[in-house]
Structures are given as structure tokens and as C-alpha cells.
Amino acid sequence: MRTLVVGIGNTILGDDGVGVHVVRRLRERDLPEGVDLEEIGIAGLGLLDLARGYDRLIAIDAILTGAAPGTIHVLEGDDVARAAHLGPAHEADLPGTLEIGRKLLGDAMPREVLVVAIEVVDVTTFSEKMSCDVEAAIPWALEKVEALLRGL
Amino acid sequence: MTKKITIDPITRLEGHGRIDILLDDAGNVADAYLQVVELRGFEKFCQGRPVEELPRITPKICGVCPGAHHIASAKACDAVYGVEPPPAGRKLRELFLNAHIAHSHLLHFFALAAPDFLLGAEAPAARRNLLGLIDALGEETGRAVLRARGFAQKIQAIIAGHAIHPVAALPGGMAKALLAEERAAIEVMAVELAAFCEQALALFETRVLGDRACAAAIEGDTYCHETYYAGLVDTAGRVNFYDGKVRVVDPGGAEVALFAASDYLEHIAERVLPWSYLKLPYLKKVGWRGFTDGKESGVYRVNSLARLNVACGMATPRAEEAYQRLFARFGQKPVHHTLAYHWARLIECLFASEETLRLARDPEITDARVRTVPTGTPKEGVGVVEAARGTLYHHYRTNSQGMVEAVNLIVATAQNNAAMNMSVKKAAAALIHAGKVDDQLLNRVEMAFRAYDPCLACATHALPGRMPLEVRLHRGGELVRTLSRDSS
Chain A
13 MRTLVVGIGN TILGDDGVGV HVVRRLRERD LPEGVDLEEI GIAGLGLLDL ARGYDRLIAI
73 DAILTGAAPG TIHVLEGDDV ARAAHLGPAH EADLPGTLEI GRKLLGDAMP REVLVVAIEV
133 VDVTTFSEKM SCDVEAAIPW ALEKVEALLR GL
Chain B
51 MTKKITIDPI TRLEGHGRID ILLDDAGNVA DAYLQVVELR GFEKFCQGRP VEELPRITPK
111 ICGVCPGAHH IASAKACDAV YGVEPPPAGR KLRELFLNAH IAHSHLLHFF ALAAPDFLLG
171 AEAPAARRNL LGLIDALGEE TGRAVLRARG FAQKIQAIIA GHAIHPVAAL PGGMAKALLA
231 EERAAIEVMA VELAAFCEQA LALFETRVLG DRACAAAIEG DTYCHETYYA GLVDTAGRVN
291 FYDGKVRVVD PGGAEVALFA ASDYLEHIAE RVLPWSYLKL PYLKKVGWRG FTDGKESGVY
351 RVNSLARLNV ACGMATPRAE EAYQRLFARF GQKPVHHTLA YHWARLIECL FASEETLRLA
411 RDPEITDARV RTVPTGTPKE GVGVVEAARG TLYHHYRTNS QGMVEAVNLI VATAQNNAAM
471 NMSVKKAAAA LIHAGKVDDQ LLNRVEMAFR AYDPCLACAT HALPGRMPLE VRLHRGGELV
531 RTLSRDSS
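These protein sequence lines are chains A and B, in that order. Everything in the first sequence is counted per the working numbering, starting at 13 for the first residue and increasing by one. Everything in the second sequence is counted per the working numbering, starting at 51 for the first residue and increasing by one.
Bound-form chain B, shown alone:
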């Protein structure tokens, strides 16, 4: 007879999600699943529309990563029409995407990750959030977070018309050039943003890594899986969010693939499971061996740590130093410790802010020529970028009039889906014994997948007026006990 624990919905995450933990007779973990509600009908929604509408529609899929969808979509449109943006058009997209990632990474750290580390998993659930963090770190820090995130949003809005509903990227480039005074305003904000990102990383390195319990969790075995990793790298093998080839390394760090976006179907296959709406991408040439890690299993991971693991370094000086510190501390590469995603995220945040500043100072960024107007016959194309959460593929096929016939998106969270399930199960098995479960323990289980910064049913926001997190214990199909996260 198994006992079922349900965490529903997952706290502090975009979208809806639920964790089911099944206990055996002895009260130990028999299995665990992560389930999500997926949004339906996106391909049908897109069919029959002009393909150039997709860079404006796809950002609405996700409430937290609109910028990444905007750029991936524009790149897919470039490929559909066979055009390349002129240098300034490309650089404006890069500037926008880097500001977007800096914003997303900063928010994830302060709103979702830092409460677990700086307040401790023992803090009451109601305080493990941004408000509790502001109480702990002081209102000045809170104001600095708001200011930095505001700058990152403003930079995107200047370039793309709106941070949340960007409209500037089009097939072949951008709709408008950057004015000299806009560039100057961006530079001022980027200087402060970069300084704040450096402080955030320093906070992590001193307060989190300097704390014995946090360091033990990050470096221990409870949150660790030896998997493959994938991410975009530039021609020198360094992390790049906007462009390059997808590099895949095995659990030992050896390169097993380096491919262009248009070849993704040769390398990535998708598995459908009866109990999950979210498909499970895996490495086609390695094959699916179930929810297991190691070299024989095609499970791979994306997002911050994965990008650092597949790269040879960072293209900016301060991020490169931080990158070296991370791998020196673990003494291995790739690093397989899931909670190190948080560290890697802050290193990337610094990188994104340094890139934002570098591009803001690029003399070419204000060039008036920002678009190559497409003249060819549209057909089919793939666009890829690194979203904050990992590699994002947009694949479109149109008729000769440019009307959409088929759309395939592979989003970051889907690629981490198998690993998140494994991580939840491993953490639950390590932490839950003899049926003893409490709020703090369940939060430690949640930390296993919070590290992936998953975006579940992204953009929907209407939720029940009151839906506290409940943990339900089932025995023999009967509800025997309910734990509420609020009352604990």
C-alpha cells in the first residue's frame, strides 16, 4: 500500500504545478513526479496567420520570458525568409536580450532563490519570499533590487517599445534604430545595473557559499545528477545568449555534438508520457533510458549551469573571473550539483549586464540601418536563442505567401523536465524517512527543482482567490491527513 503526498500548487513559481510523492509501507519514497498544467492549442492559434505576426504573439506565451520568445521568433522569421539583419539590427537584438536575461536572473535570485538560502529552509513559509528577504536584508537592498530590475526593464522598453509586449524585432532586423540620446540613457542605466549584478554575485559568494549549511547543500549529493548538458556557444566556445551553435557535452565533459539550430531535429527527440502534459526532449543519438542519469541516458540539462558547463569561458572580464572561481571551487567540469545553478545564474547575470554595457557603448549601435527587408519566398526556418531558463527553439513552416502552416517550439523547461523529475525524486528520497514530513522538509524537496527556474504554464495568471499549498497524505486511496503550507 502506498501513501501519496501531493504538493499542489508549487509555491513561488510561474504557472501551475504539482509534486506527487508516493511513499511505501515503511513511509519511504517509492516514487515522485512533477506534473504541470500545459497551455493548449498554440499551434492551431498560429496557423493561418502571417508569420511576421509571431514575434509579437509568441512573447505572450510566457509572462516571465517574453523577451526571449520575441528574439527567438524574429530569428526563426529571418530563417523563413532567408535574410540576415544588418550589424546594428543584430546588436540591438543582443542588447535587448541581454537586458532581458539580467532582469530575469536578478528576479529569480532575489524573489525565489535567496529566501531559501538567506532566510533558511526553516523560516516560516509565509516569510520565505521577497518580502521576508527585504525584512532580513533591509529596505535599502530592497530598493536597490527594484531599481536594478527597473533599469533592465527600461532598457528593453527603449529598444523594443515595451518590456512585456516587445514589438521591435521583425524578419530581417528591427523596426527602429536607436537614437543617440536613447543610447546615452541606456549606458547610464547599464553602468548601475552591472554594478548591482556584481553586488548580487558577491552576496551569494559571501553569504551563501560562506554559510556552512548552504555550502553543504550546494556541494552535497542530495541535489546532484551526472547528466549531459546543452547550450549555445559562440565561435570561440564562450557562452552566448543570442547566437552560435548548440554544444552538447557528456557527463565527463567531452563534446558529443556541436550543431546549428536548423539541425536540431537530428539531435533532439521528444518523448510523450501518459501522466504529464509536458513533453520530454532527450538526446536522440544517446537514446531514452528512462529517468536516470549517466552516460547511457539521453537526459540532458539546460539553463545557467548547463551553459557554463558546455562553454570554454565567458566573453566579459568580470564574469570570466567568476566563472573560474566556480569551477575552481568544485574542482571539476562539468559541475553536476543542481543548486550550483543559482551561482551560475548570478555569474550569467553579471555577464548579461557587462554585455548590455559593452553593446550600449558600441559605436555601431546607433546606425540607422537596422533591417534587411526580406524579398525572398518564405518557406521554413528555425530560430534559437538562450532564454534565461535555457535553450529556446522556434521552428516555423509557411506557405509561399508567408502564412503559418506549422509551428514547433521546444522551450527550456521541457528540456529540463526529465532532470527536474529525477531531482525531485532524489531529494525526496534523501529527505523523507519513515513517513515524517513537514513544511521545511517539503521546501527542501521544492528547492530541487526551484534551481531550474522552471516556467510551467507560463502566461496564465488567473488563479483561485484562495488556494494555499496543501500537502495531502493518502493511504489506500483515502485522504488521511492534510498539511497546509500556510498554517505550518
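In isolation and in its complexed conformation, chain A is listed as follows:
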């Protein structure tokens, strides 16, 4: 089974980049066979270019739901579809992108899609630093992603 883990976000907009930071930390880890890591700025159609050909896609993203900063949400199936604005609206959001992929790319699209989303605070101030609660959540997000990769 081939898995793509993709961090989504902008690393110069503070908490927005948390997904990318998680992937950069994953690069230092010893991961199971068949796992590739990628980074992308926004979850538009470019995600399809990366995800095609994989069996499973794990997207790591920032989210704002009103939960405590640093809370880690794992979304799958219908939850991903309900996260209606997980991504930019310019071309298609994440659920829309995935649906377009399934419709047009067929079997080349990953069968399984999971989103690990970290609750963030500030995504509108230019900074390379994240909020302390979000920074502190990174080890937990890493643990969660590694558990998913090992099928735990």
C-alpha cells in the first residue's frame, strides 16, 4: 500500500503553516515502507497532481472550528465532506477537489482519505512563528500520524 502524507499550509502566515511543519518533522522520522511526504500551499487542484496513483492520502491541515487551540481532529469519510471550507475556494476546496478527482481520475485517486487537522488561532499575521498552543500540538500530531501510518 502506498500512502502520501501531504502538509497543507503557508509557513509565513503563522499557524496556517502547521501542516507543513508536521510534515517537515516527519521527514526526520523512520517511517514505514511506501510512505511519501509532500508539502503544498493550498488544497486546490494541485493536490490531485500529487495524490494520483496513491492508495491512501493523509492530509495535514490547519482548521478553525472554535475548539481549544492545538486540538487535533481526525476526519474521514463524511467528516471530510462536512469540513466544507478546508481549503481555498478559488478553484475547489478539499472535499470538492477530492470529488473532482474521484470523478475524473477514477482508480488513480486514493481510495482512502484522512485529514488530520490541528485547531489554530491566528492565520492572518505574517510570521514564521506559530502560537504556543499550536506549536505544542505538533508532537501529538506526529504521534497521531505515525499511528495511522502503522495501522494502529
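Just so you know, the hints here were simulated from the structure itself, not pulled from any lab data. Note that beta-carbon positions come from the ideal geometry of N, C-alpha and C, so glycine has one too. Among these hints, one or two may not hold up.
Said to hold, decoys possible - Subject to a maximum C-alpha distance of 25 angstroms in a straight line, what follows is the list of computed DMTMM-like cross-link-like pairs (lysine to aspartate or glutamate): (1) B:Lys226 <-> A:Glu50; (2) B:Lys94 <-> A:Glu140; (3) B:Lys486 <-> B:Asp81; (4) A:Lys141 <-> B:Glu103; (5) B:Lys226 <-> B:Glu134.
Unchecked claim - Taking beta-carbon pairs under 7 angstroms as the criterion, some of the chain B residues facing chain A (in silico): (6) Gly91; (7) Phe92; (8) Phe95; (9) Arg177; (10) Leu181.
For this one, chain A is given, so just place chain B on it according to the hints.
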């Protein structure tokens, strides 16, 4: 007592935005505003960094126009160091920028514009998107869109290392030359890209202009403002995305300014409003007269239609024919009809793809000499390009070590800000009567500014997990009714 309608957030647009429509006692439109959330602290973020880092940092400002920021930034750096890229370096930047614009314009049409025209404003909100369009036009068309946009991205990635995080443009030129086999790969993709862009334009000319209701909306008065226009032109006065002088024409089409990027502060002033984070650039010599059009008002517009309006023509054959068809249909120049921005965008998309192909076939494009290494003392410089959304200015000042002291950016969406507010108000006033509001009507109001392809708080993408578009009706400060776009 006024009633307030809020459209929040604006659907199908990059970033966050909100439209407030204020109704009077009779339920007619008293006023309307477009509000955006702006990203903060960019200048502070840049201060103290080496200026040559900015071509890599500024593309991250915007999730949809990284390529334009990359090139504008590199050109500003050229000016800071007083260097000119060698011919191949310049041509590689042009090739990259044209592929970037073709990508952006194609996506805007199929993902944002076409659903309004081809599915109709009456289609349910949940279907007025790329998915609904694929259902209507067929999966083959959907696959062709994905393929063409993929090529446009791949071409940028070959030249600049990455389409979304480009790294190749540096002060004085480019970091790497184009290999012969890379050039050949680009040419193959550019041929197909140009063919698809021609099909997209044909689709617009037959299906949209050929539809009576769409044509009436495009040619009618609801979406129309007589303003000034600005855009880059080459020495022959033709549209050019990469370089040239900024030409400004008045609402009658007469040239009122033709200036080099470095002189922009003599021509453009910026107004700050208490209710908006986004500044309002206007023509300094005409002056600010408020949100109004006409020759006395310094409000000007940028982006596709503006570029065609200020130019004398297009530099490529098929785009030139299409350009002639547009002005022949309206029988006037400039064309003031806001929805014609969509038509102009597809003409430019064809132009960008023809330019991509022309440059891919230029024998000089694979020349190994792509950079003039700066040796002078850095100081201050302005770089300008046409981004997909309009003229983009980058202005940097550094100390003698090249460390950034001051940064000023004037982005396209800010320049269209005043006109977008006027367009929203005019459309709302024409469409909303006696307090009757529904989803279809509000979508028609949104179409007024969707034509500008605005990029609001560009690069941030984390949004609430569930935030349907809501329209809130207020009376006397109380929420009396909520309309959700999803449930309509």
C-alpha cells in the same frame, strides 16, 4: 430604519470577504459595501531580511498568484541593484509568467465564471461550481481542464523549480538555464495548452455570448461603469504581462498617462477608509471623488478588460483576432461592461498560451547566460508586472548591504477595490426591490465583483470546518431572518 443584508463569506473566492447591503424602509438598496480581512504585518516581516530573499517570500503572500509576485519581486530586485537580466534570463521569466497567467485565467473561467453563465444563476448554489460544471459539460471536458491546467503548472515548475513555490528568479536574471530537453517538453505542452485555450474562448463565444440571457447581462447596464483603466503596454502599445509602461486611458479612451514603474507614486495615490482594511488606490492627478465613475473621478480599473482597453492590440495572431471581435461586438472602446472581463480574460488566456509557445520556440531560450550578477550598491527599486488580476507593483528600499528597510506593494485587487464596491452597489440596487432577496438574486450581486477575479486575504486557507454562506437580515439592529446559501 435600515435593514442590513450580509453575504459572508463570499462564495467561491480566495480569502475571506463579506458584502453588506443596507436596505431602506421601503426595502430598496440604500448602500452596499465590500469588506475584506487583510493579512497583517507583511512589511515588518520583510524588514531586516536580505532583499534577494523577497522573490522567494512574496510568492507565499498569495495562494493563487505566486508566479506574478515571484517575477514582480525579481524585477524590483533588478532595479534595487541596477542590473538588467541577459536576453535568455528575461525570456525565461516571460515564459514562466505567461504560463502562470494561462493557468490562472483558465481556472477562473472554469471554476468561478462558467458556472454562473453555463449553469445559470438559477442553478442551486451547491451546483454552481466546478463539479456542477463537469456534470453539465461532461467528464471529458473536465479531464481536458485538468490536463491543460496541469501543463501550465508543469511549465512553470520546469522553469522555476516549483509552480507554487518558485525559486528561480533572482536579482539580475534566473538561477538556472533551460536545458534542450526541457525546452522540447515545454513546447509539446504549450501546443496542447494553446489549443485548449482556443477551445475555451470558443465555448464562451458560442455558449455564453450565444445565449440571450447571458448576452443581455453582459451588454446591459446593471454591470457597467465608465471608469479610467490602467495596464502595461509594450513599445507598440500592445498588451504585455512582463514589461513596458503603464498606460492609463480616460473613460472616453484618451491616453492620460504613460509612465515607467519607478514613477508610480506620481500617478497613484492611496486612500484609507475606516470600514475597510484594503486601501483604495486612485489616480492622483484626477483626484478622489468618492465611489463614483466618470471622467471627474480618479477611480480606475485593472485586470483583463482594462488591459485590452488601454492597449492598441495583441501581439499574437489568434488573440488579436479575438480582440477585434470583442471591440466590434460592443462598437466602442473602452468597453465599460464589467462582465466583459470574462471574455477579455479568455482572450488573454489565448494570448498567454500563444506567447508561451512562441517563447518555447525561441532559439535563444536555452542560452546558458541567464543572469547578470549584480555588482553595484543596492538602494531602491520598483518592479511591475501584470498579474492575472491586474497591475502589480513591488517597491523595495534597502540599506547599502541589501537588507530590506521598506516595502510597498500595490496589488491588483486593491486597485479594483473602489470599482468592486461600486459594482456591487449598482447591481444590488438594480436587482433588489422591496426587500425581496433570494439566493439567485444574491448570486447575481456576487457576479458583479466575481468578474474582477478578486484575491482577498490571499494565502490563508484555514477556515472554519463548517461555515455556510449566510445572508442576515437586520432591522433596527436586530437579526430578523437568516438565509443560508446551503439550504436554499
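Each hint tested on the structure:
Of the pairs offered as hints, the one joining lysine 226 (chain B) and glutamate 50 (chain A) holds, with about 23 angstroms between alpha carbons and a cut-off of 25 angstroms not exceeded. For the suggested pair lysine 94 (chain B) and glutamate 140 (chain A), the alpha carbons sit about 12 angstroms apart, so the restraint of at most 25 angstroms is met. Among the hinted pairs, lysine 486 (chain B) with aspartate 81 (chain B) is consistent with the structure: their alpha-carbon atoms are about 16 angstroms apart, no more than 25 angstroms. Between the alpha carbons of lysine 141 (chain A) and glutamate 103 (chain B) the distance comes to roughly 18 angstroms, so the proposed pair stays at or under 25 angstroms and holds.
Between lysine 226 (chain B) and glutamate 134 (chain B) the CA atoms are separated by roughly 16 angstroms; this keeps the pair inside 25 angstroms, and the hint holds. For glycine 91 (chain B), the interface hint holds, since its Cβ comes within 7 angstroms of a Cβ in chain A; the closest pair sits about 5 angstroms apart. At about 5 angstroms, the closest approach between the beta carbon of phenylalanine 92 (chain B) and any beta carbon in chain A falls short of 7 angstroms, and the interface hint on this residue holds. Taking 7 angstroms as the C-beta contact cut-off toward chain A, the hint placing phenylalanine 95 (chain B) at the interface holds, the least distance being around 4 angstroms.
Among the interface hints, the one on arginine 177 (chain B) is violated; its C-beta lies about 12 angstroms from the nearest C-beta in chain A, farther than the 7 angstroms criterion. For leucine 181 (chain B), the suggested interface contact is upheld, since its CB lies about 6 angstroms from the closest CB of chain A, less than 7 angstroms.
In the structure shown, a violation is registered for the earlier hint numbered 9 alone.
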